[in-house]
Structure formats: structure tokens, C-alpha cells
Amino acid sequence: MDIYLPIAEVSVNWPVLVLLGAVVGFVSGLFGIGGGFLMAPILVFLGIPPTVAVASQASHVVASSTSGVISYSSQGAVDYRMGGIMALGGALGAIGGVEVFRWLRLLGQADLTVAVSYLVFLGAIGSLMLHESLTQIVRQARGIAAPRKERRRPMWLYGLPLKVRFPKSGLYISAIPPLALGAIAGVLSAIMGVGGGFILVPAMLYVLRMKAGVVVGTSLFQIIITTAITTVLQAGRNQTVDIVLSSLLLFGGVVGAQYGARLSGRFRAEVLRALLAGIVLLVGVYMGLELFVRPSDLFAIAPGIAD
Amino acid sequence: MQAPTPPPPALEAPSPDRSAGTGGTLRVAAALTNARVQVDSSFRGASIVLYGAVFNPTDAPADVVVVVRGPDGPVRLVRKTRQAGVWLNSRPVLFEGAPGFYMTASTRPLGEIANFGELRRLGVGVDHLRIAAPEEARTVTRYGVRDVVVSRLGEDYLDWRRAVIRLREAAALYNSDPAGVRFVDRGLFRAEVELPAVAPTGRYDAQVWLFQNGAPVSVSHLTLTVEKVGIERDIYAFAHERPWSYGLLCVLLAAFTGWAASRVFRRS
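Going down the list, the sequences are from chains A and B. Just so we're aligned: the first sequence equals residues 1 to 307 in my numbering. Just so we're aligned: the second sequence equals residues 1 to 268 in my numbering.
Hints are not guaranteed to be accurate.
Short derived list, chain B residues pointing at chain A, Cβ under 8 Å [said to hold, decoys possible]:
| no. | residue |
| --- | --- |
| 1 | Arg-44 |
| 2 | Gln-83 |
| 3 | Gly-85 |
| 4 | Val-86 |
| 5 | Ala-197 |
| 6 | Val-198 |
| 7 | Pro-243 |
| 8 | Gly-247 |
| 9 | Leu-253 |
Calculated directly from the structure, the hints in this document are not laboratory data. Each residue gets a CB set at the ideal place from its N, CA and C atoms; glycine is no exception.
With the hints as constraints, model all of the structure from the sequences given.
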């Protein structure tokens, strides 16, 4: 049941990869995220070189996000104008991010940067989400009404130029904040192999204060474009995309994503958020451990100039 | 095991001319069961049998040592250092050429077959294998990143060298088996070359040495080719020769799969 991956140059058990794709796809459909943050650490754990793992799983994110967007789109839950502007930022971020990642790889600091990024971003987002969703769950259990949230957006959103109307999101704001958000997601997509949904969704909810119904579909739409660009760039600049690996992952992934999306309607939103926050936090801490635990060998092979 | 030792010689050891003898002289002949290893989608590493014969007119015992060396390539290493409680990577150190695969198999432990100087001169054994390193440390800059080229005379040269060997041994790329050569009949021996799935592609050189009284008396050279074939080679070539089209194809495939899945599931 083993298959040799032509670019990764390792032999792996293919049913495990299909299953992994299905599980991550299920998680991604359930929570409306790309699921990349979960996939990359597991692939590395399975023995795939980190640079190949990060680059190849981006196309898995493309596939599961595509099938996600189609189902959200049929419910009218995608703001294409908002997503398009964010994707433009994402493209710029991805171009910069791939170059930065290439440079870090040559510097021998790529694994370190990945570990720090996971710890900082996943740790922070996971803690915030966990706190927020648990507070809400406890409140509802005790029957206390949630305090009236201030629906005011930060004033600087209105002070910036280039105002655009986003009817679906119920916003009339400057194009600069979505552009910047997209750019951040693009950089993360290149460095961590993630779509950036775990950052985009909270930012769209709590900073931009978009209508909750269109947040997930719109973030998935922007993720497709950003990760598609990242995949092409990684293949073109670094030759680290393994089509066999990504095909195996995405076959499982698209099926899992469908089941995940169907099931998501059965859970309460805050329970889902608490669950997702737990997973995010766990992955962040797991990846960050590498920084603090004494390595078993003080020396490590750094990727070469040629590969 | 390796005491502080002088760096290995940079010169290739000459084959002993005694091997050119005829008829009644002591010599070795060997061949591989499979001189072309094909890496296809079911490749999980390969085991190749090397067999040979020792023509020994006398009763004095002789030892066989098989050395297989894979294609050389640069190796970059980093050393982790603890700073402010966090493990960080040092600047990369570069070895200009280390074999991508190296194994020895012998009838006895190498140390019993020949003395240290002889093994060092011939470059036989993991402790003696030649890893290209210049006499002076220098810094090379490629794509704006500065690498330190490790020097053979630097004080921590041996630490780095040992690290290359240890890491490669952990990946089953370097290996030494002191009982890997077995005589199946009088004068007839066999050894197995175990290539892991991560073995690099390219041309491998196998040397079969015959030692008597601690001195090399005969050597036989063989070559082994490891190459990607079929779809594996096509994909690899496509990804490296037309990387942009390849990337585009990957994305289109992914987007199509996502679209197809949503169609299939909507209908059902």
C-alpha cells in the first residue's frame, strides 16, 4: 500500500494520506476553514519534508475550499466584492511570502520561522476564541443574557480613503483594511501552508464586523485565490509541489469537506467555535514545543540550494 | 569510536597494480544482480545482491570489503544553540561534497582487516570516507544568503563531520556492516546493498577490495545506476523543466476536484 512520491522523494502509505485528507477535509467543512494549519504538522510528522508539505497541501486547501464556496454560494453567503479585494491583497502577500520563505530556507531558519508562526498565531487566535466561546456557553447555561455588544466598528475603518460599498456584508468602508487582511493571509499561506481562515474569520467578525452569515463563505473564496497563487508560485520558484501527494490528500479532502459542511448545521455556533479553538491551540502549542524542548540531535540538515 | 584524527586525504588512492596479474595470483571478481535500480511509484527501497569470487592459490586467508558510494552532493547543516531559553539555528555550514549514499560490508570488522593508515589512505569505512572540504574556511554568498564553508583545519570540523555521518546513518543512507560479506562456498561470497527509499538517484560506484595481511591486493570496480522511471520520472521532469505550467496544472486539478465533488454530492 506504499507509494513513492516523485517530488518529496519518500515512500508513504497512501491510504493513510487519503484518510488524513478526509479527516482534515471534514474538519474544514465543519468549521468553514481551509484546514491547512492541521495538515502541515501531520504531514511533517509522517516524514514528508516540511517545505514539500507546506507547498503541496496548499492545493488540498484549494480543493476543499472550492467545494465549500460552491455550497455557500448557492445559499447566497459569499460576498464576492469583499472576497475579491481581499484576494488581491492575498496575491501580493503570497508573492512576498514565497520570496521570504525561499530566503529563510537558504538561511536555514525556515523550520524555526514556521514553529514561531504557529505558536504565535495559533496560540493567540486559539486562546481568544476559546475564551470568547466558553464565556458565551457558560452564560447561556446559566441563563444570563449576553451583555449588549457594542456594534460600533473601530472609527479608523471610516477614516481611511478608497471607500467601497459592500452590500452583502452590510458595510460601507475603505478597501484598505480588507486588502491588508488579505495580504497577511497571503504571507501566512506561503510560510505556514495555511489558507489563513483562522485569522480572517475572527478579523472579519470582530474588526470589520461583517454580517456573520457571509463571513465563512467569503473567507473561503479569498482562500481559494490566495492558495491557488501560492501553489503556482511554490511550484514555479521552489519546485516543492508534489502532485501525487496533493492528489491523494484532495481526494479524501473533498469528500470529507462535504460531510463536514452538512454536519455543521447541527451544532450551535459557539460550541463549534470552542471546539475549533481547542484544536487551534493544541496545534500551536505542539508546533511551538520544538523551540523549547532540547533537540535529540543538536545538528540538523538544512535544505540545500538545489532542492 | 573515532578518536581525534587527522583529516582524510583529498587524493584518490591508486588501485594496487598487483590486481592486473593472471592465473595464479590472488584476485577478486564481482558482479551485481541488478545494476539498474528503477524508482517507480511502488519503490520502497531496493536490496541488491553483490556476489563475487576470490581466486586464492594459497591457503593464506583473505578478507573482502565492499564499498558502495552514491553520487556526491553538497550538504548544508545547522547547529541548534540555546539562546534565552529558546533553541535557535546557527548559520548554515556547507560541506562541498559528501556521498549521498555510503555503505561498507566486510568479512570482519574493518579495524581487524587493515590498519588505520591503510583504511584512511583508501577511504574505506564511514570513519574514513572522504567528504570534500577546503583547507580554509570561507564564506560563500548565494542568493544573498551567506554560508560558511566548513574547513578541514577548523577546530570544530570533526563535530560537523560526525554530524553528517550520524544524520545520514539515521536515515539509513550510511551504513557499515562488519559481517555483511558472507562466504557461501569456498571462494564464493555475497553481500547485500540495501538502498532506502530516500536514496538519491544517480550513478553509484561499488568497489570490492581484497585484503591480505592488512594490505589491499586486488580491487574490482562496479557501477550501479539508480534512476526514476515511468510516471515518476515524467512528473519529476515536468515539475523541474516547466515549473509554472506544472503549478497551474496542480491548481486546476484541485479546483476541478473540488467542483466535481460538490456536483456529485448535490445530486445524491
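Do the hints match the structure? See the list:
{"no.": "1", "hint": "Arg-44", "verdict": "holds, 5 Å"}
{"no.": "2", "hint": "Gln-83", "verdict": "violated, 11 Å"}
{"no.": "3", "hint": "Gly-85", "verdict": "holds, 7 Å"}
{"no.": "4", "hint": "Val-86", "verdict": "holds, 5 Å"}
{"no.": "5", "hint": "Ala-197", "verdict": "holds, 4 Å"}
{"no.": "6", "hint": "Val-198", "verdict": "holds, 6 Å"}
{"no.": "7", "hint": "Pro-243", "verdict": "holds, 5 Å"}
{"no.": "8", "hint": "Gly-247", "verdict": "holds, 3 Å"}
{"no.": "9", "hint": "Leu-253", "verdict": "holds, 7 Å"}
Of the hints listed earlier, the one the structure fails to meet is number 2.
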